[in-house]
Amino acid sequence: MTSSMLFNIATFSYLVSMLAFFAFLASKSKQVGLAGSLAAYFGFIVHTVAIGLRWKESYDLGHGHAPLSNLYESVTFFAWTIILIFGIIDMKYKYRVIGAFVVPFALLGMAWAQLGLSSGIEPLVPALQSNWLLYHVITCFLGYAAFAVACGLSIMYLIKAGKEDASGMAQAGGVISMFPSIKILDDLNYKAIMIGFPLLTLGIITGAAWANYAWGTYWSWDPKETWSLIVWFVYAAFLHARFTRGWVGKKAAVLSIVGFAATIFCYLGVNLVLSGLHSYGGK
Amino acid sequence: MTTSNRGFLQALWDFFCSLKLAIALLISLAATSIIGTIIPQGQLKPEYLQTISETKYKIYHLLGFFDMYHSWWFILIMYLFTVNIVACSIKRLPRVLKIISEPTLVMDEGFEKTLSLTHDFKMQGDTSSLRDKMVAFLKGEFAEPVVTEKDGEFHLFSQKSPYSRLGVYVVHLSIVVIFIGALIGSFFGFKGFVTINEGEAVSKATTFSNQPIDLGFIVKCDKFSVTFYDTGAPKEFKSLLTVIDNGQVVVDKRPVIVNDPLSYKGITFYQSSYGQAEGGTFTFTVRERKGGAPVTVQLAQGERKTLPDGSTMQVLEAASEVSQFIPQFRGAAARIEVTPPNGKPEAFIVFKNYPTFDDQRGGNLIFSYVSSEEKMYTGLQVAKDPGVWVVWTGCFLMVIGCCMAFFMSHKRVWVRVRKGHVTLGGVANKNQPGFQLAFDDLVEKVKKL
Ligand code: HEM
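Heads up: the protein sequence lines correspond to chains A and B, in order.
Counting the first sequence from 1 gives a position; our numbering is that position plus 1.
Counting the second sequence from 1 gives a position; our numbering is that position plus 57.
Please note that the accuracy of each hint is not assured.
Capping the alpha-carbon separation at 20 angstroms, the derived lysine to any residue pairs in SDA-like fashion look like this [to be verified]:
no., chain 1, residue 1, chain 2, residue 2
1, B, 190, B, 401
2, B, 292, A, 121
3, B, 248, A, 223
4, B, 292, A, 184
5, B, 505, B, 494
6, A, 252, B, 82
7, B, 102, B, 121
8, B, 155, B, 248
9, B, 476, B, 193
10, B, 292, A, 132
11, B, 248, B, 263
12, B, 401, B, 369
13, B, 77, A, 184
14, B, 295, A, 132
15, B, 148, A, 244
16, B, 504, B, 493
17, B, 77, A, 249
18, B, 77, A, 121
19, B, 362, B, 428
20, A, 184, B, 82
21, B, 487, B, 456
22, B, 322, B, 304
Label pairs and their in silico Cβ distance ranges [unchecked claim]:
no., chain 1, residue 1, chain 2, residue 2, range
23, A, 249, B, 106, 42 to 52 angstroms
24, A, 135, B, 139, 30 to 40 angstroms
25, A, 6, B, 196, 53 to 63 angstroms
26, A, 249, B, 493, 15 to 25 angstroms
27, A, 61, B, 383, 22 to 32 angstroms
28, B, 353, A, 135, 46 to 56 angstroms
29, A, 27, B, 106, 55 to 65 angstroms
30, A, 58, B, 332, 29 to 39 angstroms
31, B, 139, A, 61, 29 to 39 angstroms
Hints listed in this document are in silico derivations from the structure and should not be mistaken for laboratory results.
Keep in mind it's a predicted model, so treat the numbers as computed, not measured.
Note that CB positions come from ideal geometry on N, CA and C, so glycine has one too.
Start from the sequences and build out the full structure, keeping to the hints where you can.
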């Protein structure tokens, strides 16, 4: 059994989970919804083992580093954190239907990693040989995952709010009626960002600490750093917007989606489009 | 002061206290920051002119886009932002401190109506024994209450984590602290660079704005080495550094690698680059194809030596690990140029690990690369930043403040004891659904009393 086989099984489980959640939206059958969650959890366990195994494989190859060092590894880890945050929200708040809007993000990541990225285990270049890599990447990605969940919730919010506007104040029927009420969606969006914001803050701080330790400057305005700050500003605006009238509901949902778009640009766009110190994932 | 003056100051103050301004500033910081990630920062004029026109260059230059994060308008936004945070916090803090230090101790009917969570119980017993029962209950199940007697009724008040209300202000303060740290660093610190040849020492570095700066001590590079993975990718760069202060060796041959810098007297040296220094010597053996004993040639890079058959040779370049350039080969290699008498110069590569390789070239002279005594130089980033601990303090405050603001809430419970009647009321400033569960739990427990 190799880690890449396990990654494939996890990807397949997420596919099953997503389809089950879509069927759940259509059928409203509780069992189907449960199947969606179970498939996601099964995938998550396999995924966790796969990451552990890949870590061990890197030791067997004599490199010995955490599997967080290239684009393939970071995308699979990102997918893992998305499912983790989804699991926490699913268990805690029991709104299964959220899975239909969150699991696809994880599936997309896994599918891209499995099909489009080179999965070789490479030795670490000197710049990445530090424990700070671990702290920095884990905190950032947990934050990103919380924002992914918030984005999924905001999309649900906009769909539901749009339908309710169109049909007057009456509750919309059909698939949409499965969604939690817009009040709950708004609240969950806020909760997800409340989890993500401190994690991103920690991610930026650990990144700054590492940069200071390795290069002597905690902040050098390189594009990756700057984009992480942009993301941070957007979510700070989101948090404050809640205290100002007229900025809740739809506007907050839009801000949350903009925040996630900036997150994705920070994570991928900077490496694929712009250039900078973070060679990480540049290949 | 005239009234219109006061009106103006008041309006200015209100402007700076406003949350709308905060959101506007946050969004403008986010939006303008993008510019500097698209336009490369800090390049030279000719480099810019390769991609943009002269007019565009002038406009961008005027707007400070080439060093955007230090342009006057970006710094201005940051200052406005800081003033905004400070003003807003100054305005709100007293109110919050009052909620903490002077809590509402008495839940009268009017106040009860403002609470979303209340419950009424009928209970047997006189007021003072009910009071004692409820005091013990709150102490055991929630928090030690304050008891107030008013018009023959008893009012109990107890609260949990009132200080979590300060979380927001801790976060805001932390931003100001980080700012101060950054300013200290920019006024009293420097960032620069130094290159040291193996075996040599320096006492000055050069800042990024090209100013020489005295270190106040001497740094010597005893040795530099670099190792590679099998793939040819670099694995480790290592300088052995010695620091000599006032004639004393204070740091002796300390290895410095990427991600493991050396600090002395507040100045830190970071391994950042390396290269071949001038002055290395190379040893080759040369024999003629037609026979004869090999001769040894020793020469420095760029130096020209005459060989037994009258040709001359020189070393053009050398590498201690060739696999990054020529993946099929491992180890050291040198590119040499040989010029026969009256002939054309010929350049080729010889490898240390493959002593017979040059046979196949088919030349009259066969070279092998025996050894090299190369000298490397190490490139070190040098930084002094006395503000960095202020920045870390700010970061620490920010994390603590975020946790207080997001994951803790100020929970308050009131109990009113009348004859035969006990009323429970409660409120939390965050996570009301979570508090409702806890409140319902309290109600169930009171029912069982
Ligand atoms: C990037 C900078 C900032 C950060 C990281 C930040 C952080 C925070 C956080 C974490 C909260 C708590 C939010 C919540 O509980 O949902 C908060 C609340 C608040 N912030 Fe900021 N803030 C920033 C800038 C500002 C600025 C410039 C102002 C200026 C007006 C401001 C005014 C406020 C106010 C009024 C509150 C609400 C306090 C309350 O609960 O009554 N913030 N801020």
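Hint by hint, here is what the structure shows:
1. B:190 x B:401: 109 angstroms, violated
2. B:292 x A:121: 17 angstroms, holds
3. B:248 x A:223: 16 angstroms, holds
4. B:292 x A:184: Since the Cα atoms of residue 292 of chain B and residue 184 of chain A sit roughly 54 angstroms apart, the hinted pair is violated (cutoff 20 angstroms).
5. B:505 x B:494: Holds, at about 17 angstroms.
6. A:252 x B:82: OK: residue 252 of chain A and residue 82 of chain B at ~17 angstroms, within 20 angstroms.
7. B:102 x B:121: Holds: residue 102 of chain B and residue 121 of chain B sit about 13 angstroms apart, inside 20 angstroms.
8. B:155 x B:248: Not OK: residue 155 of chain B and residue 248 of chain B at ~46 angstroms, beyond 20 angstroms, violated.
9. B:476 x B:193: 18 angstroms, holds
10. B:292 x A:132: The given pair, whose Cα atoms are some 16 angstroms apart, holds under the 20 angstroms limit.
11. B:248 x B:263: Distance of about 8 angstroms is within 20 angstroms: holds.
12. B:401 x B:369: Given pair residue 401 of chain B, residue 369 of chain B holds - Cα atoms ~11 angstroms apart, limit 20 angstroms.
13. B:77 x A:184: Violated, because 23 angstroms separates the two Cα atoms, which is more than 20 angstroms.
14. B:295 x A:132: Holds, at about 19 angstroms.
15. B:148 x A:244: 15 angstroms, holds
16. B:504 x B:493: Distance ~17 angstroms between residue 504 of chain B and residue 493 of chain B Cα, so the pair holds.
17. B:77 x A:249: 13 angstroms, holds
18. B:77 x A:121: 49 angstroms, violated
19. B:362 x B:428: Holds - the C-alpha atoms of residue 428 of chain B and residue 362 of chain B are around 17 angstroms apart, at most 20 angstroms.
20. A:184 x B:82: 28 angstroms, violated
21. B:487 x B:456: Cα-Cα ~18 angstroms, so holds.
22. B:322 x B:304: 15 angstroms, holds
23. A:249 x B:106: 42 to 52 angstroms: For residue 106 of chain B against residue 249 of chain A, whose Cβ atoms are near 49 angstroms apart, the range 42 to 52 angstroms holds.
24. A:135 x B:139: 30 to 40 angstroms: For residue 139 of chain B against residue 135 of chain A, whose Cβ atoms are near 33 angstroms apart, the range 30 to 40 angstroms holds.
25. A:6 x B:196: 53 to 63 angstroms: For residue 6 of chain A and residue 196 of chain B the Cβ distance comes to about 59 angstroms; the hint holds.
26. A:249 x B:493: 15 to 25 angstroms: The hint (15 to 25 angstroms, Cβ to Cβ) holds, given that residue 249 of chain A and residue 493 of chain B are roughly 21 angstroms apart.
27. A:61 x B:383: 22 to 32 angstroms: 29 angstroms, holds
28. B:353 x A:135: 46 to 56 angstroms: 52 angstroms, holds
29. A:27 x B:106: 55 to 65 angstroms: 59 angstroms, holds
30. A:58 x B:332: 29 to 39 angstroms: 35 angstroms, holds
31. B:139 x A:61: 29 to 39 angstroms: 52 angstroms, violated
When each numbered hint is compared with the structure, violations occur for hints 1, 4, 8, 13, 18, 20 and 31.
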